[in-house]
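K.L.:
From first to last, the protein sequence lines are chains A and B.
At position 311 of the first sequence the residue is numbered 424 (my numbering), and the sequence of numbers has no breaks.
At position 74 of the second sequence the residue is numbered 215 (my numbering), and the sequence of numbers has no breaks.
Just so you know, not all the hints are guaranteed correct.
Using 30 Å as the maximum straight-line C-alpha spacing, the simulated BS3-like pairs for lysine-lysine come out as follows [claimed, not checked]: (1) B:Lys185 / B:Lys366; (2) B:Lys366 / B:Lys243; (3) B:Lys366 / B:Lys329; (4) B:Lys559 / B:Lys185; (5) B:Lys366 / A:Lys165; (6) B:Lys243 / A:Lys165; (7) A:Lys347 / A:Lys335; (8) A:Lys311 / B:Lys366; (9) B:Lys243 / B:Lys559.
Taking beta-carbon pairs under 7 Å as the criterion, some of the chain B residues facing chain A (in silico) [to be verified]: (10) Gly194; (11) Glu195; (12) Gln219; (13) Ala363; (14) Pro373; (15) Ala380; (16) Ala406; (17) Thr423.
Among chain B residues calculated to face chain A with C-beta under 8 Å, some are [claimed, not checked]: (18) Pro248; (19) Arg349; (20) Ile364; (21) Asp368; (22) Val374; (23) Pro393; (24) Ser427; (25) Tyr448.
Worth flagging that the hints you see were computed from the coordinates, not collected in a lab.
Values in this document were obtained by computation on a predicted structure and should not be read as measured data.
Ideal Cβ placement from N, Cα and C applies to all residues, glycine included.
One-letter residues, chain by chain:
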Amino acid sequence: MAALVDTLRERAVRFSLLSFLLWIVRIGAVALAVWGTLVTLSSGVFTAAQWKDFLIFGLAQGSVYALIALGYSMVYGVLRFINFAHGEVFMSGSMIGFFVADSMAQSGFWDSSPIAALGIVLLASMTTSTLLAVILERIAYRPLRDSPRLVPLITSLGMSFALQNIFRGLFGAGIKTYPVSPLLDGFITLGGINLIHKSQALVIGTALIFMLGLYLFVERTKTGKAMRAVAEDKEIASLMGIDVDRIIVITFAVGGLLAGVAGVLYAQVFRQVNFFTGFIPGIKAFTAAVLGGVGNIVGAMLGGLVLGLVESFGPSIVLAGLGIPSPHQLKDAVAFVVLVLVLIFRPSGILGERLSREKA
Amino acid sequence: MNRKFFLFGGLIVAALALGACGAPAFECDDAIGCVDIEPGAPVKIAVLQVIAGELTSLGLDQVRGVEIAVDEIGGEIQGHPIELVVEDEGCSAEGGTTAAQKVVADPQVIGIVGTSCSGAGVPASQIMSEAGLVMISGSNTSPRLTSSPLGVTKGEAWQAGYFRTAHNDEVQGAGAANFVFNELGLTKAASIHDGDPYTEGLVTVFNREFEAFGGEIVATTAINKGDTDMRPVLTSISAAGTELIFFPLFQPEGDFIVFQSAEIAGLEDVVLMGADGLLADTYVESVGEEGIGTYYSGPETPTGSIYDDFLAAHQEKYGEAPIQSFHAHSHDAGAILFAAIDKVAVLDDDGTLHIGRQALRDAMYATSNFQGITGSLTCDEFGDCAGQLIQVFLLDDPAAGISGLRNNAVFSCAAPCK
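Build the full structure now, drawing on both the sequences and the hints.
P.N.:
What follows is the structure in structure tokens.
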């Protein structure tokens, strides 16, 4: 009996003012979200088709975020720093892809054999981004391998600005508009109902294929196993006969490759690219990586999709339901509030807990 | 003795009088100070425009307008060469603040031609006004900067010494609403802004005037600069059941609205209408075929022989036709400023030029029937100098570029356009 009282007292002491406040924040946030959603649902503004559209927009945007987030997360996994120049790696693929697509559009090849043309653009973009990521690693990060972790982080910010301005210098500040592929113009219909826009179907499908491929690569191949070993502990991995430098280059290359894919997919959905294109998706993908649990591959995919869905549903459904005027202006705020809330609930991200315990 | 004294005294008086004749000391009695320009030194005019990034054509077009205005008066004022100091204002409040602070740090700068964007103009006009400068913009259109309603009440961001040759969006908003309600015969509209004083102000006036005509605003919302995914916004607007979307945005957000609205169920027959922020060569090229059938409100395209001369000078100097729609206004802004400086400047015998800052402001407020490219301009007490003529353009041939669009007006009106 006395023991029980002691335990209760201890509990009560541990249940401090701060955790009490945190609980209020948690309950309040969930209640607000549920309330807003219920109001929108009961007002019946949106038809079922429009709900489905919100879902698809969120998934399409989310898959692009997820592909970029993977690059952040993998590099963090092996080197423990955030490569802020990754957004520019993504932009470089999209930019070079534009010049390839544009020249094919002018020669007529783009319209006459669209599948091959898209394949070529994808290849060009993937090659550019992969090369750029590897070059970045070689010239900017490898010389700093033994410095404190803050040093490569700051360097990556510098590389980000440098790359933006190099691309601006090389290709100008203007907006470049991708030609529309005849393959992706229009909707996939089922019984006369517009199911999904073809470009969005391509984006979601391709992203899923590449994410599945990455998952299999990391989990099933010898190189993948080596990557996981390096992420776990660089020194022990090298003692086990793993070439750590090689694995780090491969990690950057794979991250760059996925960013290149994201670059082409982004261009199919948004049709435009300029030197600054990488910045905001880069920040969002970084958010997605943290949301999912940085360093965790499945977490990055999940984080990307969740962020895309939050941006799509948040303003239109939750905020509009709460009666907030001009809700779409708060799209970014919603995304970052969700990040903060997730970090309050799970400080290491959605899937980060298992990993962080292993690392500890 | 007495005679000597008088002679001596007389000599002193004569010497003083002679001295005054030889170098008449200029005494600055201006309430907010004077600018003294040494012999051979330039008359410094700052040009604050957006000259980098996505909106470069908006700013570059106006820098060229001012440069041509300088050429027209022989590049000098009373023997002093005009020096244009061009600064980037980034089309943002931060950019406008930085650029204006840089400008006022140089006491030799007399005035500012700019800014491009109202968002940058709000902080820039405050900084320049406190420093005693004058500022005249060729493309700020936000009612907050001058008066709202037009010529009646001072705008929230009004500053002494601020002028503009661009129209007030009180007129553009009313003109756009007038066109939609009376010409297109539509009664349900939705509007989108991006938080910039220009876009927000225009949307506010459009909504108010459209409802005053008897129309219904079924949805009004905002996006952020830098947003790319407009599909959720457009879906919300589609759900509200609109007949027209008024989107007075800039690039690239405006492009995304045009591209993505084609993918949204329920927006197939909805009319899209933008405003002067999108009347740029890069925009017309970007939206291409997909922009056919969209409308844009904006300042009246100038006509007449003065404008033809301007176009010829422009073609000769830059090798291309104007790339946006505010070059003429910016030219007139520069011309009004140069004329006012010329009027109030006092030239010393040694070649020093003195310009009273308050006198310059007064001269600009007194501008009346100034013959510019955009018409006969008279400045009111709030700084609005424009002729306030609004047109609506229909994009039907993207291959003809920005000139093609600006010569395809389907509607015109003069203030108040109601």
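K.L.:
Each hint should be assessed against the structure and marked as holding or not.
P.N.:
To see whether the hints hold, each was checked on the structure:
Under the criterion of a C-alpha separation no larger than 30 Å, the hint pairing Lys185 of chain B with Lys366 of chain B is inconsistent with the structure, at around 33 Å. This hinted pair checks out: Lys366 of chain B and Lys243 of chain B have alpha carbons roughly 25 Å apart, not beyond 30 Å. Taken as a hint, the Lys366 of chain B and Lys329 of chain B pair is honoured in the structure, with Cα atoms around 26 Å apart against an allowance of 30 Å. Between Lys559 of chain B and Lys185 of chain B the CA atoms are separated by roughly 41 Å; this puts the pair beyond 30 Å, and the hint is violated.
A hinted pair counts as satisfied when its Cα atoms are at most 30 Å apart, and Lys366 of chain B with Lys165 of chain A qualifies at roughly 26 Å. Using a Cα cut-off of 30 Å, the hinted pair Lys243 of chain B and Lys165 of chain A is violated, with the two alpha carbons roughly 51 Å apart. Pair hint Lys347 of chain A plus Lys335 of chain A holds up; C-alpha atoms about 16 Å apart against a cutoff of 30 Å. Between Lys311 of chain A and Lys366 of chain B, the direct Cα distance comes to roughly 27 Å. Compliance with the 30 Å bound is thereby established for this hinted pair.
Between Lys243 of chain B and Lys559 of chain B, the direct Cα distance comes to roughly 41 Å. Violation of the 30 Å bound is thereby established for this hinted pair. The beta carbon of Gly194 of chain B is positioned within 7 Å of a beta carbon in chain A (closest approach about 6 Å), and the interface hint is therefore held. At its closest, the beta carbon of Glu195 of chain B sits 6 Å from a beta carbon of chain A; the interface hint therefore holds under the 7 Å criterion. With a cut of 7 Å, the hint placing Gln219 of chain B at the interface with chain A is violated, because the nearest CB-to-CB distance is about 39 Å.
Interface restraint check for Ala363 of chain B: the shortest CB-CB distance to chain A comes to about 4 Å, inside 7 Å, so the restraint holds. Interface hint at Pro373 of chain B: satisfied, since its Cβ lies 5 Å from the closest Cβ of chain A, which is below the 7 Å cut-off. At about 5 Å, the closest approach between the beta carbon of Ala380 of chain B and any beta carbon in chain A falls short of 7 Å, and the interface hint on this residue holds. For Ala406 of chain B, the shortest C-beta to C-beta distance to chain A is roughly 6 Å, which falls under 7 Å, so the interface hint holds.
Because the beta carbon of Thr423 of chain B sits about 6 Å from the nearest beta carbon in chain A, less than 7 Å, this interface hint is met. Because the closest C-beta pair between Pro248 of chain B and chain A is about 33 Å apart, greater than 8 Å, the hint is violated. For Arg349 of chain B, the interface hint is violated, the least distance from its beta-carbon to any beta-carbon of chain A being 15 Å, above 8 Å. Annotation: interface hint on Ile364 of chain B holds; nearest CB of chain A at approximately 5 Å, less than 8 Å.
The interface hint given for Asp368 of chain B holds, since its Cβ lies 7 Å from the closest Cβ of chain A, which is under the 8 Å cut-off. Satisfaction of the interface hint for Val374 of chain B is found here, the shortest Cβ-Cβ separation to chain A being roughly 5 Å, below the 8 Å cut-off. Hint on Pro393 of chain B holds. Least Cβ distance to chain A is approximately 5 Å, under the 8 Å limit. Given hint, Ser427 of chain B at the interface with chain A, holds; its Cβ is 5 Å from that chain's nearest Cβ, closer than 8 Å.
Given the 8 Å rule on beta carbons, the hint for Tyr448 of chain B is violated: about 27 Å separates it from the nearest Cβ of chain A.
Figure legend: structure checked against the earlier numbered hints; hints not met, in rising order: 1, 4, 6, 9, 12, 18, 19, 25.
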